[in-house]
Amino acid sequence: MTPELTEAELLARARSGDIAAFERLSGAYADRLFMLLLRLLGDPDEAMDVAQEVMLRAWLGITRFQGRSSYFTWLYRIAVNEANRALDRRSRRPAGVSIGTSELELPASPAHDPFRAAESSELRQALREALMQLPPELRTAIVLRDVEGLSTQEAAEIAGIGQAAFKSRLHQARLRVRAAIGDDALVTSGG
Amino acid sequence: MGVPDQSGDHQWSQQHLSHYIEGDLRPRARRRLARHALGCVDCGRGIRAMRALVYAAAGIDGRPGVSAPAAIFDRARLAGTSGPAAQPGP
Chain A
1 MTPELTEAEL LARARSGDIA AFERLSGAYA DRLFMLLLRL LGDPDEAMDV AQEVMLRAWL
61 GITRFQGRSS YFTWLYRIAV NEANRALDRR SRRPAGVSIG TSELELPASP AHDPFRAAES
121 SELRQALREA LMQLPPELRT AIVLRDVEGL STQEAAEIAG IGQAAFKSRL HQARLRVRAA
181 IGDDALVTSG G
Chain B
1 MGVPDQSGDH QWSQQHLSHY IEGDLRPRAR RRLARHALGC VDCGRGIRAM RALVYAAAGI
61 DGRPGVSAPA AIFDRARLAG TSGPAAQPGP
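Chains A and B supply the protein sequences, listed in that same order.
Using the numbering used here, read the first sequence as starting at 1 and increasing by one per residue.
Using the numbering used here, read the second sequence as starting at 1 and increasing by one per residue.
Simulated from the structure, these hints should not be mistaken for lab results.
A few chain A residues that face chain B, going by a derived Cβ cut-off under 10 angstroms, partial list only:
1) 26
2) 60
3) 61
4) 62
5) 147
6) 187
All residues carry an ideal CB built from backbone N, CA and C; glycine is no exception.
Kindly produce the complete structure, drawing on both the sequences and the hints.
In structure tokens form, the structure reads like this:
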């Protein structure tokens with residue numbers, strides 16, 4: 001495969017059943033998508049499981065991608081939907097096998113935890129903990145907009161809601177995170 | 001976004017700090033919140049805290065990111081032979 005293929009050309013090849021083209025097309029977003037799932041799920045093993053499912057669903061469904069949004073937006077939307085399904089499954093687990101909050105934030109094995117590869121400030125840690133306490137729909141909003149830095153339009157499209165509804169979730173999420181961390185910690189840190 | 005009456009300024013402002021920094025308030029409401037925050041230590045600090053929160057969220061990882069594990073395509077590869085060409089269209 002030549003390296004000069006455009007995204008449109010890779011998409012056309014993938015739609016015709018070329019798995020290598022699909023991997024190149026989706027691979028361009030794989031790191032970012034995996035980070036998104038880590039942020040939404042907080043557990044590296046679960047993020048990996050969901051990431052594989054996202055790629056499977058994208059591969060099987062690529063003929064239904066009609067280009068009304070960018071491929072990135074379409075892929076991210078699958079990821080958000082799959083993350084929400086995973087969180088829903090998690091919430092329905094029997095209490096005896098539920099994943100505790102501390103485990104979600106700090107996986108037991110450092111070798112398993114990409115976050116711990118770099119030193120984190122206290123504020124970053126507090127922010128991660130506060131994000132994991134949010135309901136999934138609010139967490140998705142603040143992760144897409146503030147952490148991922150997507151535009152409101154793009155983030156709303158990925159979340160599958162209108163921009164006004166998305167903004168409402170974003171503002172609610174920020175209020176809750178601010179309350180959880182506290183103004184003193186935020187202002188002192190200077191961000 | 002509406003404008004609060006004077007007595008409700010503080011509570012209303014506290015609830016709309018994110019709207020304020022996001023530019024989601026109408027001009028009159030924005031001026032009202034800004035005016036209130038000038039004389040209110042809590043709301044002034046709240047605006048700085050909200051901005052700091054958004055700034056911190058953008059750098060939550062403290063580094064560019066991690067690489068997706070190579071196994072991310074494993075399930076798609078396994079399904080490769082029965083991939084999109086074998087699937088029904090839209």
